[in-house]
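*Asks:* Okay, here's what each chain looks like letter by letter:
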Amino acid sequence: MPVPADLNIDHVAHLARLALTPEEKTRFVRQIGDVIAHIEQLKQVDVTGIEPTAHAFPVANVWAEDIAQPGLPVELALRNAPAQRDHMIVVPKVVE
Amino acid sequence: MSVELHYQTLVELATLLDTGRLSSVELTAAIIARTKAVDARVRAFNSFDEADALAQAAASDARRAAGQGRGPLEGIPVGFKDVISVAGQPLTASSKMLANFVSPYDATVTTRLKNAGAVCWGRLNLDEFAMGSSTENSAFQPTRNPWDLTRVPGGSSGGSAAALAAGEAVVTLGSDTGGSIRQPAALCGVVGLKPTYGLVSRYGLIAFASSLDQIGPFARTVEDAAILLGALAGHDERDSTSVKVELPDYRAGLGRRQAPWRLGIPKEYFGAGLDPEVAAAVEKAIAYYRGMGCEIKEVSLPHTEYGVGVYYIIATAECSSNLARYDGIRYGHRAQDAHDAVDIYFKSRAEGFGAEVKRRIILGTYVLSSGYYDAYYLRAQKVRTLIRQDFLNAYQEVDALLTPTSPTPAFKAGEKADPLAMYLCDVYTIGVNLAGLPALSVPCGFSSGGLPIGLQLIGQPFREAQLLAIAHAYEQAHDWHQKHPSL
Numbered sequence: 001m002p003v004p005a006d007l008n009i010d011h012v013a014h015l016a017r018l019a020l021t022p023e024e025k026t027r028f029v030r031q032i033g034d035v036i037a038h039i040e041q042l043k044q045v046d047v048t049g050i051e052p053t054a055h056a057f058p059v060a061n062v063w064a065e066d067i068a069q070p071g072l073p074v075e076l077a078l079r080n081a082p083a084q085r086d087h088m089i090v091v092p093k094v095v096e
Numbered sequence: 001m002s003v004e005l006h007y008q009t010l011v012e013l014a015t016l017l018d019t020g021r022l023s024s025v026e027l028t029a030a031i032i033a034r035t036k037a038v039d040a041r042v043r044a045f046n047s048f049d050e051a052d053a054l055a056q057a058a059a060s061d062a063r064r065a066a067g068q069g070r071g072p073l074e075g076i077p078v079g080f081k082d083v084i085s086v087a088g089q090p091l092t093a094s095s096k097m098l099a100n101f102v103s104p105y106d107a108t109v110t111t112r113l114k115n116a117g118a119v120c121w122g123r124l125n126l127d128e129f130a131m132g133s134s135t136e137n138s139a140f141q142p143t144r145n146p147w148d149l150t151r152v153p154g155g156s157s158g159g160s161a162a163a164l165a166a167g168e169a170v171v172t173l174g175s176d177t178g179g180s181i182r183q184p185a186a187l188c189g190v191v192g193l194k195p196t197y198g199l200v201s202r203y204g205l206i207a208f209a210s211s212l213d214q215i216g217p218f219a220r221t222v223e224d225a226a227i228l229l230g231a232l233a234g235h236d237e238r239d240s241t242s243v244k245v246e247l248p249d250y251r252a253g254l255g256r257r258q259a260p261w262r263l264g265i266p267k268e269y270f271g272a273g274l275d276p277e278v279a280a281a282v283e284k285a286i287a288y289y290r291g292m293g294c295e296i297k298e299v300s301l302p303h304t305e306y307g308v309g310v311y312y313i314i315a316t317a318e319c320s321s322n323l324a325r326y327d328g329i330r331y332g333h334r335a336q337d338a339h340d341a342v343d344i345y346f347k348s349r350a351e352g353f354g355a356e357v358k359r360r361i362i363l364g365t366y367v368l369s370s371g372y373y374d375a376y377y378l379r380a381q382k383v384r385t386l387i388r389q390d391f392l393n394a395y396q397e398v399d400a401l402l403t404p405t406s407p408t409p410a411f412k413a414g415e416k417a418d419p420l421a422m423y424l425c426d427v428y429t430i431g432v433n434l435a436g437l438p439a440l441s442v443p444c445g446f447s448s449g450g451l452p453i454g455l456q457l458i459g460q461p462f463r464e465a466q467l468l469a470i471a472h473a474y475e476q477a478h479d480w481h482q483k484h485p486s487l
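In the order they appear, the protein sequences are chains A and B.
Each residue of the first sequence is one higher than the one before, counting from 1 in my numbering.
Each residue of the second sequence is one higher than the one before, counting from 1 in my numbering.
It should be emphasised that the hints constitute simulated quantities derived from the structure, not laboratory data.
Small disclaimer: the values here were computed from a predicted structure and weren't measured.
Wrong hints could be hidden among the right ones.
[Said to hold, decoys possible] DSSO-like, lysine-lysine: derived pairs with alpha carbons at most 30 Å apart:
#1 B:K96 <-> A:K43
#2 A:K93 <-> B:K114
#3 B:K36 <-> B:K114
#4 B:K96 <-> A:K25
#5 B:K416 <-> A:K25
#6 A:K43 <-> B:K416
#7 A:K43 <-> B:K36
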């Protein structure tokens, strides 16, 4: 299958915030190329005047009553944090 | 007792529990013992907590003794696909990213099952983040098919189907984005139902492709599936796509004969690539319905061939967006050698995600990226409209559609190494998700090699009661569901 000329794997991986190894890049370009080649058949379909479907049963304007409800206790909310201290999530310094 | 406890149906077990001939603790202990005996070979479970399950069972027995039993699910062990939250239990999505994650709260379906008295049993394996059709993409272990341990159970809810087929649960929950309940149900010889989009709340389900995902039941029989669906279905304020509809009594609806139905056979589902033995089994099922007086009519779903292409644009686009939350900051895997906060994102995601998840994130990001959106994503959404319209047009003439669930019986582990070949396994199930329809798979025979074959019934929106009644009529006249693998 042809590799799509315009699949810039470095650019797309950067957009996805995903570090890929050189081996992954080579493999994914080939495999995704096969899938895109299959997807290209959609270009045969006449979609003139057809509305897009985002959801099979669109539900618009779902409102909830504005009533205060208990949220997750801090301990539970932080239970899965990779690093925490004093009820806060610890991350590396983001400003110099 | 003729049938072992672990292969009894929910209905049979509920009767034993109701009449005091069995306690939930005894039943749960039997399921635990069975799981310990066979799961080293089947590998359906990521984890289970024996003491917790027995404590829930004891609480159920106490309720029943006090006259406070809550219905047919009271004391019944239910297995959960490991993407559905049960407070205090692991929630891994079979991914290294969430290997140590513990659910802080219950999914709405979990709350509903607890309110119905069910025992929340173990965590069932899947393709990582529900992306796959064989359960080989699990980061922890591949699940095997109980009918032939060299073969896959299907996927992505392979653990849910295999556990049931192996007698390791009474009923289980799965999720279906492109066939992930129906295909493994077919390959493992059990009943699996994907509800209409919006019937069952997605609150507490790990999101893969939000416009396609639905939670649904796996069961030994159509009646068991009807009971479980009744417990799961209903409007939920916590899921804004949840639909307010009047809910029938699915189980009571089975007994009322509404036959003869008008049943459509979509010709596009019987073309190249369909295994002859699967085709023969489905043809026999069609002949059965004709024999009971149903009107059988050939229909056309002309955009079927575009389903896989549309799906792999929409599902990967939604997945690339949904999985952006796994950044290594608030929860999930965090890389240890990152030099700053942004580097945490890149490295945590590289270490935490497996190959299939990475491929789909890359493809989804690509089709959404600047300059490609109209050509791929918008066009796919328009073809999605046409696919949905095909089904609605067919329902002008027929009540439901009959098709194969999967083009082939269970394939060998490792057989489909190429991602596109794996994607094409879903050709008969994907259209249903794109159109938001209900569909189920019911066993309809075995291959010459002894592998289960599934019949797919596709219904009209929110007409699950009719769909179940049609499947029930077939099941009552056949004994496929009474056969079990020898493990």
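*Asks:* So, against the hints stated earlier in the document, which numbers end up violated here?
*Replies:* Structure breaks hints 1, 2, 7.
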